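> Protein chains in written order, with our numbering: chain D, 1 to 336; chain G, 1 to 336; chain V, 1 to 336; chain Z, 1 to 336.
The hints are simulated quantities; they were obtained by calculation from the structure and are not laboratory data. Since the structure is predicted, the reported quantities are computational estimates derived from the model, not experimental observations. Don't be surprised by glycine CBs; every beta carbon is placed ideally from N, CA and C. Some hints could be false.
[Claimed, not checked] Ranges of calculated distance between the beta carbons of each label pair, as one might list FRET restraints:
#1 D83(G) to D321(D): 29 to 39 Å
#2 T89(D) to K148(G): 58 to 68 Å
#3 G43(D) to K35(Z): 47 to 57 Å
[As the list claims (entries may be wrong)] Below, a list of computed lysine-lysine pairs in the DSS-like style, where the Cα atoms sit at most 25 Å apart:
#4 K94(G) to K325(D)
#5 K94(Z) to K325(V)
#6 K325(V) to K123(V)
#7 K325(Z) to K94(V)
#8 K325(V) to K325(Z)
#9 K325(D) to K325(G)
#10 K261(Z) to K325(V)
[Said to hold, decoys possible] Over 12 Å on every C-beta distance to chain D, these chain Z residues come out as not near it, computed from the model:
#11 E46
#12 T80
#13 G85
#14 T89
#15 E91
#16 E107
#17 D115
#18 K118
#19 E145
#20 K148
#21 K261
#22 R277
#23 H301
#24 N331
Protein chains: 4
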Amino acid sequence: MIVQLQKDITAEQRTEIIDKINQLKYKTNPVKTQKGDYLIGIGKAEFDIREIGHMEGISDIHIVSDSYKLVSKKWKVRPTSIDLGDGVTIESGKFAIMTGPCSIEGEDQICQTIDHLKENGVKIMRGGVYKPRSSPYSFRGLGIEGLKQWHDAAKEAGIKIITEVMQVSQIEEMHDYVDIFQVGARNTQNFNLLDELGKVDKAVMIKRGISGSIDELLYSAEYVFSGGNEKLILCERGIRTYETASRNTMDLNAIPILKEKTHLPVVADPSHGIGIRHHVEAIALASIMAGADGVIYESHHVPERAYSDGQQTLNFQESKDLIRKMTEVYNLRERL
Amino acid sequence: MIVQLQKDITAEQRTEIIDKINQLKYKTNPVKTQKGDYLIGIGKAEFDIREIGHMEGISDIHIVSDSYKLVSKKWKVRPTSIDLGDGVTIESGKFAIMTGPCSIEGEDQICQTIDHLKENGVKIMRGGVYKPRSSPYSFRGLGIEGLKQWHDAAKEAGIKIITEVMQVSQIEEMHDYVDIFQVGARNTQNFNLLDELGKVDKAVMIKRGISGSIDELLYSAEYVFSGGNEKLILCERGIRTYETASRNTMDLNAIPILKEKTHLPVVADPSHGIGIRHHVEAIALASIMAGADGVIYESHHVPERAYSDGQQTLNFQESKDLIRKMTEVYNLRERL
Amino acid sequence: MIVQLQKDITAEQRTEIIDKINQLKYKTNPVKTQKGDYLIGIGKAEFDIREIGHMEGISDIHIVSDSYKLVSKKWKVRPTSIDLGDGVTIESGKFAIMTGPCSIEGEDQICQTIDHLKENGVKIMRGGVYKPRSSPYSFRGLGIEGLKQWHDAAKEAGIKIITEVMQVSQIEEMHDYVDIFQVGARNTQNFNLLDELGKVDKAVMIKRGISGSIDELLYSAEYVFSGGNEKLILCERGIRTYETASRNTMDLNAIPILKEKTHLPVVADPSHGIGIRHHVEAIALASIMAGADGVIYESHHVPERAYSDGQQTLNFQESKDLIRKMTEVYNLRERL
Amino acid sequence: MIVQLQKDITAEQRTEIIDKINQLKYKTNPVKTQKGDYLIGIGKAEFDIREIGHMEGISDIHIVSDSYKLVSKKWKVRPTSIDLGDGVTIESGKFAIMTGPCSIEGEDQICQTIDHLKENGVKIMRGGVYKPRSSPYSFRGLGIEGLKQWHDAAKEAGIKIITEVMQVSQIEEMHDYVDIFQVGARNTQNFNLLDELGKVDKAVMIKRGISGSIDELLYSAEYVFSGGNEKLILCERGIRTYETASRNTMDLNAIPILKEKTHLPVVADPSHGIGIRHHVEAIALASIMAGADGVIYESHHVPERAYSDGQQTLNFQESKDLIRKMTEVYNLRERL
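Construct all of the structure, not just a fragment, from the sequences and the given hints.
As structure tokens, then:
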């Protein structure tokens, strides 16, 4: 059960509501986000919603039987729009493009990428400054200094930044230079990180875990949401299976299923989803037809010389073609 | 190595070529299909193709290092077209639609389905008369009598039939009533069945195994092809993974990867791929954008009363909408 | 529901029982095996078992809610013993050893293997004469002639034969030369083959499918059992997962779970389960501790020269050591 | 390549060695652990080890082509022993038992568990005070106060503590109350956590990721080791597969494979590996036969009332029986 409280609720009203919920053998979890004040009731007993609904201080109430609550479409039917400022949004039912390199490598690369985005009307740039790498001896990213340099150039160009945060201690130092914090596939169930991102007033994109289920992705989103942050985006990026012909198995089933279960926007990452450069386009276009609200993919001015993930990274000509095609496919989807 | 022999090759020429290949430490497998006469050389030694290429009696020669040979795009660059007669084809790069019920249930259902196909310009009807069922106590299909009844009605309407063959002994009895023999996901590696289908002059569609790899699907196709039958279609129908939110995990990565590796047409089965009726459309349209040469899906006049698979079967209104949308998506793909 | 009928039941009594079951909204499937005469009731309604239990002509009745019935431990609590003749048995709770080459290669190999078995007190020899191979160009086994040669030598030595049958048409020709028909992992859901093996008076060992579930293995066993053949053995041989460090992922969880669900004997195949010769021993011994009623593994006088599977095949010294160790581990298990 | 440096190496000698390695086109990563001072060379060029081996300041050198280096058995052939003090060790080739509840719940539970351990000669107690939970609304553990209480009781009883650390900020507060830091399956690739645990002078046990590969587990160990901490233990706890009859699929193949690849001790967690209380024993005993250097499992004085994981937790009588049986199985393994 989710009870949304009125802004001007009194302490007594609040206490009465909590007592009432507890009488129904439900435990109450108070949740205060940037947008609302909620009581989440956890329990299994059946009850008549009218027993609570009439009480003073309540603005809305719903029974949500899923284990995730606030991210459920049963709670919020209208699609969610994430406002990144300057007119840039990521929105359920619309279509956003995010591109850029796997790793931020330096000034020249940053500038060339920004120019590529501007020429093609793309408003959000991806790139990594903290890189999770299987081996401790691999390149681990330029870190906070790289991010600052990137931020200066992007801000001037009106480009928003999405980049991965790997641990709690990075949140504060990255905060002012980031528009969307990305939670990577290895951190989807790093619950402490999710808790802390709940306290941040920036958008958060959570990637599905390497072998994460669709429900687990929604639970992870519930962590951030119930921590206080409603600006959430989900991302399908392929799962681990026995098939070795592709890097991961892009699970496009997840897109219509997620869109049915949650009001949050869902984007697709075809670069990691298939991991083969000349097939990224096919999977990107398929993702749109499956219902994705956006696509995030890797591009680089010279993929062959990228510090990481070059084998799945488009060059700027390929990226330009893809942007044009994605726009046409999205337009058709809207008309169908 | 694949050596295509001239139609009028002499016995001596043939012997000389085989001797030459054996000298290169390659074993030779003779393959005679409905269309051609080949020698497949199996070995690993490097050699200069000109040593053989100039010999009398050879019409074409290629080095194909994949373990599958005749189905490889390295052998045959031009896309394959399967001619079902009466102007009905399934062709690499084009788009075919196949629909109908999971199980053939009787005359009324057959007629209603045929009417639905005719109204929507669909030329190929699917349906099962032999059903593979996990439990021996489940409905196992109407068998050969159901097929004959179906065939009579379909023939009159100019509709082609695709239906599953489960074992060698059924091939002969089914032969005259079938346009495409379907090999189901549980029989992808039933090598005896594949061998026998190699001897048949009817098209064969092989579904990917329940947890079959892309390469294994190509090997299975090689069985039929090297058995003599070049009229082959491949089908992606979802694989088994840990995710339980969908019936299978539709692997759309497989479509561009297969299209790169083989000249054979590749179709998608979104009904089994996601297994949820109201999401079949999203996955069907995504499959087309991923490059599928056709879509096969389940439809029924009253899905709720279907003998099997009702939960993933479209009714005729949904089917009609899907056909219209698929056509538009395919048309866009052609223009992009 | 399973109703076991008395041997001397009259036609009228039988009809009355069927009518009664149908009145409870259960469908009846008659099953006649080599040992018993049963009615399998399929339905979901609740009823009082005493309504039927008292009727004339019934020797036993149980409610079995699993989808598999006759193989369930809820039906038959006592462990099953498969009698192969000459005092050789495979029995739930005991321990049987089966070894021999992947492929039967010829007389010398047969004789050396039989000598190895005799020296070590092993009574059952494995070997393949029909080999399922991914590629049509690989060695496919010596066929029926190889089996006859093997049978002559084995019979003289008092050794029983287990070998794979790949299709229905092979059953008859193999019948007189085989003690246990093996259904391979690619044929676990070849339902026609299972149906036909139900009619045979020889033991059948069904391997778990390449990505088959535990329940599917039990359903496949139910096919053979309800077809009439109670002499069934199940085999865990590893499943397909994302892990590539081993050939398959041996699922030893399956052993105690199967032993809880069915009265049939369960054996382990560590050769395919791990696929690495020097680790076969560890997995064989672990299988026994997990509760296996037997172990089947590959051995060869010169594994390096085996026609197939050499990388997972023990030489005779390794095999001898393993037999000694397995015996000690089994003895300890009995004492614990 | 791994170069172990002499303790009294001079700065000039060190520089010379680094220059020499760089000349071979290898990058050098300096690693200083509690026990040694190393240079890890990363590169692919072939070279003659004698070119470096004779240089001043080197105590040992090996070519290790695996991507993991210091944890490889190619570097260190002798098995590793982790000394926890007071004569308690976890050692490759020996056998350690760790048991206790999933979650620490309070004083009574702590005391009863400690009594159970003492009565059965078990020296290491497991328990969670920070619990990773899929849903934010579930019980998340007693936290640091629970740990302190536990520590007081355990210290008095001479019992060592293993407990999960979920994030970097917990390391310092937990440090004095913990004997082994456990890295959970969701944090196996939390590289920041691994980095920081490399700086700690306490043992660390890393669980295999939920769908982690064997190689990834070794890379994660390399993170901690190259961060400075050699006191490492690996743990197989089951992987995620399609099979739903068990909670996870215990991958006992991983045990002999890990034992071959690394000198670190490898323990098994049958509680999570199968997740079914009455089958934990079978998998625990099988793990020992597969070569495990220890078993960690869940026990509770009243499993039915445990705050978490009760369905896979043994009561003390079951635990006592298991300890006796494990000891007998280990003893047999030693004798074989």
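> If a hint holds in the structure, say so; if it does not, say that too.
Evaluation of the provided hints:
Between D83(G) and D321(D) the C-beta distance comes to about 34 Å, which sits within the given range of 29 to 39 Å. Range check, T89(D) to K148(G): about 60 Å between beta-carbon atoms, so the 58 to 68 Å window is met. For G43(D) paired with K35(Z), a C-beta distance near 53 Å keeps the hint of 47 to 57 Å intact. With a C-alpha separation of about 19 Å, the suggested pair K94(G) and K325(D) falls inside the 25 Å cut-off, and the hint holds.
For the suggested pair K94(Z) and K325(V), the alpha carbons sit about 19 Å apart, so the restraint of at most 25 Å is met. With a CA separation close to 17 Å, the supplied pair K325(V) and K123(V) stays within the 25 Å bound. Restraint check for K325(Z) and K94(V): the C-alpha separation of about 19 Å stays at or below 25 Å, so the hint holds. A C-alpha spacing of about 18 Å is found between K325(V) and K325(Z), which places the hinted pair at or below 25 Å, so the restraint holds.
The hinted pair formed by K325(D) and K325(G) meets the criterion: a straight-line CA distance of about 18 Å does not exceed 25 Å. At roughly 24 Å between alpha-carbon atoms, K261(Z) and K325(V) fall within 25 Å of each other, so this suggested pair holds. No beta-carbon of chain D comes within 12 Å of the beta-carbon of E46(Z); the shortest separation is about 19 Å. Even its closest Cβ contact with chain D, about 19 Å, leaves T80(Z) beyond 12 Å, as expected for a residue assigned away from the interface.
With a closest Cβ-Cβ approach of about 28 Å to chain D, G85(Z) is found to remain outside the 12 Å limit, as its non-interface label requires. The non-interface label for T89(Z) is consistent with chain D: the shortest C-beta to C-beta separation is roughly 27 Å, beyond 12 Å. Every C-beta of chain D lies more than 12 Å from that of E91(Z), the closest at about 25 Å, which supports listing it as non-interface. Separation of E107(Z) from chain D is adequate, the least Cβ-Cβ distance of about 24 Å exceeding the 12 Å criterion.
The non-interface label for D115(Z) is consistent with chain D: the shortest C-beta to C-beta separation is roughly 32 Å, beyond 12 Å. Annotated as non-interface, K118(Z) keeps its C-beta farther than 12 Å from every C-beta of chain D; the closest such distance is 34 Å. For E145(Z), the condition that its CB be more than 12 Å from all CB atoms of chain D holds, with the nearest at approximately 18 Å. Every beta carbon of chain D lies more than 12 Å from that of K148(Z), the smallest distance being close to 20 Å; the non-interface claim holds.
With a minimum CB-CB distance of about 15 Å to chain D, K261(Z) clears the 12 Å threshold, and the non-interface call stands. Distance check for R277(Z) against chain D: the nearest CB is about 23 Å away, which clears 12 Å, and the non-interface claim stands. At roughly 25 Å from the closest C-beta of chain D, the C-beta of H301(Z) stays outside 12 Å, upholding its exclusion from the interface. No beta-carbon of chain D is positioned within 12 Å of the beta-carbon of N331(Z); the least distance is around 38 Å.
The structure shown violates none of the earlier numbered hints.
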